[in-house]
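Keeping their order, the protein sequence lines are chains A and B.
Heads up: the first sequence begins at 1 in the numbering used here, then just goes up one per residue.
Heads up: the second sequence begins at 1001 in the numbering used here, then just goes up one per residue.
These are calculated hints, taken from the structure and not from any lab test.
Quick caveat: nothing in here was measured; it's all calculated off a predicted structure.
Incorrect hints may appear among the rest.
[Claimed, not checked] Below 30 Å or equal to it, Euclidean Cα-Cα: the simulated DSS-like pairs (lysine-lysine) are:
hint, chain 1, residue 1, chain 2, residue 2
1, A, Lys155, A, Lys194
2, B, Lys1194, B, Lys1359
3, B, Lys1359, A, Lys91
4, B, Lys1392, A, Lys110
5, B, Lys1194, B, Lys1249
6, B, Lys1314, A, Lys93
One letter stands for each residue in the lines below.
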Amino acid sequence: MSVHDLIVIGAGPAGLAAAIAAKEAGVDDILVLERDSVPGGILNQCIHNGFGLHTFQEELTGPEYAGRFLKKAEELGIAIRLNTMVLDLSKDKVLTVTSRENGLEQLQAKAVVLAMGCRERPRGALNIPGYRPAGIYSAGTAQRLVNIEGFMPGKEVVILGSGDIGLIMARRMTLEGAHVKCVAELLPYSGGLKRNIVQCLHDYNIPLKLSHTVIDILGRERVEGVTIAQVGPDRKPVPGTEETIPCDTLLLSVGLLPENELSENAGVELSPITGGPVVNESLETGVPGIFACGNVLHVHDLVDYVSEEAGRAGANAARYIRGELTEPGDAVPLRGKNGVRYTVPQSIRPAVMPEEVVVRFRVAEPYYDRYLSVYVDGERISHRKKQIVAPGEMEQFTLRRSQLGPDTREVIFCVEDQ
Amino acid sequence: MLYDVIVIGAGVTGCAAAMELTRFDLRVAVLEKEEDVCCGTSKANSAIVHAGFDARPGTNKARFNVLGSKRMPALCRELDVPYRNCGALVLCFDEADRPRLEELLRRGEANGVDVRIVEKDELRALEPNVSDAAVAALYAPTSAIVCPFELTAAMAENAAANGAEFFFDTPVRSIAPFDAGWRVLTDKGPFEAKVVVNAAGLYSGELHNMVSENKLTVTPRKGEYVLLDKKAGGLVSRTIFQVPGPMGKGVLVTPTVHGNLLAGPTAVDVPDPQATNTTQAGIDDLLARARQSVPTLPVFRTITGFAGLRAHVKQEGGTDFILGPVEDAPGFLDAVGIESPGLSAAPAIGEYLAAEAAKYLSAGKNESYRPGREPVYRPNEMPWDQRVEFIKAHPAYGQIICRCEQVSEGEIVAAIHRKPGARSLDGVKRRTRAGMGRCQAGFCSPRVLEILSRELGVPQEELTKSGGASRPIVGFTREGGAEE
Chain A
1 MSVHDLIVIG AGPAGLAAAI AAKEAGVDDI LVLERDSVPG GILNQCIHNG
51 FGLHTFQEEL TGPEYAGRFL KKAEELGIAI RLNTMVLDLS KDKVLTVTSR
101 ENGLEQLQAK AVVLAMGCRE RPRGALNIPG YRPAGIYSAG TAQRLVNIEG
151 FMPGKEVVIL GSGDIGLIMA RRMTLEGAHV KCVAELLPYS GGLKRNIVQC
201 LHDYNIPLKL SHTVIDILGR ERVEGVTIAQ VGPDRKPVPG TEETIPCDTL
251 LLSVGLLPEN ELSENAGVEL SPITGGPVVN ESLETGVPGI FACGNVLHVH
301 DLVDYVSEEA GRAGANAARY IRGELTEPGD AVPLRGKNGV RYTVPQSIRP
351 AVMPEEVVVR FRVAEPYYDR YLSVYVDGER ISHRKKQIVA PGEMEQFTLR
401 RSQLGPDTRE VIFCVEDQ
Chain B
1001 MLYDVIVIGA GVTGCAAAME LTRFDLRVAV LEKEEDVCCG TSKANSAIVH
1051 AGFDARPGTN KARFNVLGSK RMPALCRELD VPYRNCGALV LCFDEADRPR
1101 LEELLRRGEA NGVDVRIVEK DELRALEPNV SDAAVAALYA PTSAIVCPFE
1151 LTAAMAENAA ANGAEFFFDT PVRSIAPFDA GWRVLTDKGP FEAKVVVNAA
1201 GLYSGELHNM VSENKLTVTP RKGEYVLLDK KAGGLVSRTI FQVPGPMGKG
1251 VLVTPTVHGN LLAGPTAVDV PDPQATNTTQ AGIDDLLARA RQSVPTLPVF
1301 RTITGFAGLR AHVKQEGGTD FILGPVEDAP GFLDAVGIES PGLSAAPAIG
1351 EYLAAEAAKY LSAGKNESYR PGREPVYRPN EMPWDQRVEF IKAHPAYGQI
1401 ICRCEQVSEG EIVAAIHRKP GARSLDGVKR RTRAGMGRCQ AGFCSPRVLE
1451 ILSRELGVPQ EELTKSGGAS RPIVGFTREG GAEE
């Protein structure tokens, strides 16, 4: 069995940034495993711009953004094995991998960075009634067909869900000559970024129907239409509001699910809220030496934050390999309360934390003119006025080591009226 | 071309009949209106091999169920089809229903099936996750589960390897007698045969009525299902039924041979034999009833829902399979009203129909008949060393295409080149499970389209999800079309 210091699972934005950071922190023997035939992950099909504003202070397309990291990885001589699928990961960090080129083999890692990303929630998971014809796609699958393969998955389109990929695809399909009839969103607000709603829907006069859902799919062979209806506060369809929209395509942008089957195989504890591993300040999971970052950890809105987070995971993996994370001391739990759904990380060990730790979190619903506050053992250490906070926009707070003492019991993140 | 026998319908019954017919010295054709085998009732059912306690003693259902389920383990071994003898429990929720449980026990005993009643404590020990409200259950240890897609495909492959010819996209429009037998008019032209086997499922009544004055009505009876992720697959280890009612066996919760959890079906008569749509009412109903049996059913782990239509035939004095020679149509053999336990009974029905055809035609044995089918390689199921060596020798089996079910390119290519092989996304899915996992083909469908296109030499935009107009791709993007 061949042994590597660090194995990174996934060569998307998270995996690349983690590998680069680990290399820069002195780890030489790094192997990145990628199941696709090209590195870069989902960025390859994100040909729109808007990537890199934080990282590079310029607006790049997805492939351009990935290209910057790839170039860096290449310069550093990081090995990326493509077309390689990890079938299993054990808690002892033995990976079972398969590829056409190398066949089936097992690899031993001293440390592992999980960077597998996420997948889209499919139609079946929503129990949408109706037929099962051709023409129902998750937005990301449609994006791949259009942007990578050059195929049109349909011409008359209804989109369910206003996640960012759905919004981006509303514009993309329109630019390719399709007619996007509407975007229906179950919730009374969109889960996407404000800028995407403006630039992808408003600019193209595509109606966003909030508090609406698809209640029937028509067409036995190819989609012939969908029936949408308004939903009440209980999110159940309101009788009498049904409207059948003729179309040949239904795109779904109804949520992303961190893809943690391998993590579960390794015995990594997952958060029921994020769907990703529970991690500490080092982005280390409950299994020592297994780190997580990017969308496999929690779904991000901006790739810039993925890169930053992954860089920390890679650097911490390097510290682990050097034996620096072995006697970590007690952990202080971080908790979301009063409208804050979760935090990542979920705990901090003051003994090993660096000078600063970025804590990211999301709120449960939109709030207007409220405060985001942070309490350390009941003492408020931060109180920021926000005109608007929304579930679709991740928030962050930089916690400094000086703000935690040796006896700190908990840190609370919450939304406050005053 | 005059065939000895034409089988109409390439579902599980038709394919079983075709396979058994090739054991005789007969020229066999199978006509199927869809683009593949296993496209109707056979693809959307509970996938249970019933022990045989449910059917009234003396009926065709009882006889063929018991025969079929006895034959099934050996047949599945022979054809390399996933089959698991998991056992079944029929829950009784009310002491007042106990007489019905006892009636099932008597039926089971009369049908020669191993059954007994287990009381609450034993039931809880067998299945800790069934409802506390269950007071007792009928236990049938011989009940089993099977992969209906593979079973149907495998029997078709055996039939084809032994000389049966399959014609797809070939709907039958009329059947009329002529001096040598039957002339079957289809969208692909006329076919002629001495004997016709009517295994047309939901359309079997219609075909029967083309040749007989004794008219039959087949009513589509819809059953809706919900399929849960493998993470929920271990919730029960046996098939959990409820005491049956007048519309059928009620809602069951069962593991599948591939480790998922299946709940369903509803039972609602519908006029349209193509109405395979699910409904909100149906999903709500089946989930509510499934939760009666297994209260902790994790509905959030649903990966898909689907509906199947049973070919229910209305008759006086209860319903039964209508099998064999049609009195006023010599050389026409019926398999009408094949609803549950049709999957379990299929091997025995096939055997019986083939024997009847052979008798009618005085056909001898086919001395060169070969059982089984070309091997199907599933690296995931091989022991480690064998798997390593196999992938070394066949590198395409090392390339994973469907991430969720870990299906390799080698398996997909093989499924396309089997005879009859996959020609569509669903054809690949039913044979390999690519696209059947938790992402429901989100990742793999573009890749499978590519492979289908390459292997079949058909442009991707002409490929279908499931035949007909079910094309996933409707054209090119502005740049994608530039090269055309």
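These are the hints, each one checked on the structure:
Restraint check for Lys155(A) and Lys194(A): the C-alpha separation of about 26 Å stays at or below 30 Å, so the hint holds. Our distance criterion of 30 Å between C-alpha atoms is met by Lys1194(B) and Lys1359(B), whose separation comes to about 12 Å. Restraint check for Lys1359(B) and Lys91(A): not satisfied, since their Cα atoms lie roughly 63 Å apart, outside the 30 Å limit. At roughly 27 Å between alpha-carbon atoms, Lys1392(B) and Lys110(A) fall within 30 Å of each other, so this suggested pair holds.
Of the supplied pair hints, the one linking Lys1194(B) and Lys1249(B) is violated, its CA atoms being roughly 38 Å apart against a limit of 30 Å. A hinted pair counts as satisfied when its Cα atoms are at most 30 Å apart, and Lys1314(B) with Lys93(A) does not qualify at roughly 61 Å.
In terms of the numbered hints stated before, the structure departs from hints 3, 5 and 6, listed from lowest to highest.
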